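So the sequence lines, in the order shown, correspond to chains A and B. Residues 372 to 701, numbered by our numbering, are exactly what the first sequence covers, in order. Residues 784 to 1112, numbered by our numbering, are exactly what the second sequence covers, in order.
Worth flagging that the hints you see were computed from the coordinates, not collected in a lab. Keep in mind it's a predicted model, so treat the numbers as computed, not measured. Hints may be right or wrong, so weigh each one.
[Stated by the list, open to error] Just some of the chain A residues that point at chain B, by a computed CB distance under 8 Å:
hint : residue
1    : T556
2    : T647
3    : I670
4    : S673
[What the hints assert, rightly or not] DSS-like mimics (lysine-lysine), calculated; alpha carbons at most 27 Å apart, straight line:
hint : chain 1 : residue 1 : chain 2 : residue 2
5    : A       : K572      : B       : K1052
6    : B       : K1053     : A       : K510
7    : B       : K1052     : B       : K1029
8    : A       : K617      : B       : K1029
Every residue gets a Cβ at the ideal spot worked out from N, C-alpha and C, and that includes glycine.
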Amino acid sequence: MGVNELLQVTNLSSSFQTEDGLVRAVRDVSFHISHGESLGIVGESGCGKSVTCLSVMRLMEQNGRIEADSMRFEGRDLLSLRERQMQKIRGNEMAMIFQEPMTSFNPVFTIGFQLQEAIRLHQGLNKKAARNASIDMLKQVGIPRPEKINDEYPHALSGGMRQRAMIAMAISCRPKLIFADEPTTALDVTIQAQILELMQKLQQEIHTAVVFISHDLGVIAEMSERVMVMYAGRIVEIAGRRNLFKDPKHPYTIGLIRSKPDMEIESPVLTPIPGTVPNPLHTPPGCPYHPRCEHVMDICRSTLPELISHEQMHQVRCWLYDQQGAVHGS
Amino acid sequence: MEADVMFQLKNIQKFFPIRTGLFSRVTAHVRAVDKVSLTIRRGETMGLVGESGCGKSTLGRTMLHLLSPTSGESLYKNRDVFSLSTQELRKLRRELQFIFQDPYSSLNPRLNVSEIVGEALSVHGLAHGRERDERVKEILSVCGLAPQHAKRYPHEFSGGQRQRIGIARTLVLNPEFVVADEPIASLDVSIQAQIVNLMEELKDQFGLTYLFISHDLSMVKYISDHVAVMYLGKIAELSSTAALYKDPQHPYTIALMSAIPSIDVDAQKKRIVLQGDVPSPSHPPSGCYFHPRCPYTMERCRIEEPKLRDIGGGHLAACHLVQQGGGRL
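Only chain A is shown next, with the shape it has when bound in the complex (with noise of 0.2 Å):
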């Protein structure tokens, strides 16, 4: 573990008892960011990606179950602090931003009330400092008359200025990490394109560490240094975002890839995935992929690959490469 390490996971693994049975939402999850680092994850719906990022803030539903070799941040066994002080990490030390801020903002209190409540209780500021340190962050974030929207209500704010406000409260107490669960994906392109340039502008700022989710691989392309793909609960690949998008080297990054059109790159015919994402209550034996990969081979079926280093900072969970990264069978 290097010196700047912010946050080290090793194997956590996270699951649900359902009516229909244990659903494990994240499998043997190892990763770690640095200070001021942007780790995206990529993968479709239910493959772990919000679940990784909750179990790391502790922040599972009461039939959940989180379980780890350790989950270090700055130091700090995050499994081992009891819940008061894990209170005082989040939203101080660590931060999040939700998909829908209308479903994640209280309808009943002033966006300013809500703001200036995380100042309060994390910094002791009293209640005239709060609010000034509350529009503060709300025109650090772009929002206009931010005196008058600190009075307003969520509903009275459209989509993007929600996100935004969203971003100034996990900002207001100037986090180390920030988890941004799928944070564009309810919004229209043009103000999407508003949101990731404020996210990267922030970002630079006060140099915070930021997991970026999103099952969209162009937002991921740009905002991710690294990049790591789930699927089925799992990591499938990480690497550097270069390395990821030009030479990727699972078939599911792969298939991934060559499913979605871009608006950069020709692409004459789309290439589907055939099959669906695994239901998580029966997740196939060996290789979660192996039903829908075109390389399958009888390996795949019976035997769960290793993540293994393909080159240094390149890590992929596929029979196809061993330990020297050359390719069986062909």
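Keeping the supplied structure of chain A fixed, place chain B upon it in accordance with the hints.
Relative to chain A, chain B alone:
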């Protein structure tokens, strides 16, 4: 009118009244679609793009008279859909079909797949009994569903499979024209391409004509022959797909295209970030509707509404800056 024209829309307007107060008086109108004219030719896919609230879905519904129009004409094979009687319209419905965005809420949860797909055949009196079952089975297999799926209920299927059921229901009537309203927006990325490819195959097989409504410019580029870009109820630009994406003219189209994130990590793209939000269609700005957000606004744009003009080769743009033959002043 040319022989190969399937739909000709002339100055279609659709306003929704806003009612307020004790007596629900109409105090304003949401101008959802405002004087849209569009020609769709037989066998082509017309893409209709724009952001939420631009009126693209309302246009799709109004042109098929699923919503009653405020004014305008919608000529389908030279007959005005708006002036047909209820019976005539019902007969025509077989030819004019709709694929909905949300495969979760557009299928009746109490009916099994064979009933959902077969219902349309019964309603139009096209097939009954065993013949009906045969037709249903046939269309399900065309849409990539197995025969054993026929007796299952919608909740047993994934989003992609539900959309296949929706498409099967549409195609069992052997329609001529299909409005597909955001058919892939609620699907996972790996499934979107499956549905788009299925729609392409079916188009060739059945000789369909599509109006493909989407906010996804990259998918529209892939599937469409012509594209219309809408902003606040009006068409901002209309052109062949190749010309539009190679050389967009309207500042809104240019900004919209530049805003789409790309996975090409080497592309040195200049992003135009539009300021502000889309204005409310109940209080649209004066002059050109786009002027409050446009980076090139001139005095004229605030006063005078630009007309949708041909700038050469059937490429239409509604902007004062755009000159004949392309290029800006």
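These are the hints, each one checked on the structure:
| no. | hint | in the structure |
| --- | --- | --- |
| 1 | T556 | 11 Å, violated |
| 2 | T647 | 5 Å, holds |
| 3 | I670 | 23 Å, violated |
| 4 | S673 | 24 Å, violated |
| 5 | A/K572 - B/K1052 | 17 Å, holds |
| 6 | B/K1053 - A/K510 | 26 Å, holds |
| 7 | B/K1052 - B/K1029 | 14 Å, holds |
| 8 | A/K617 - B/K1029 | 24 Å, holds |
In summary, the structure is inconsistent with hints 1, 3 and 4 from the numbered list given earlier, while agreeing with the others.
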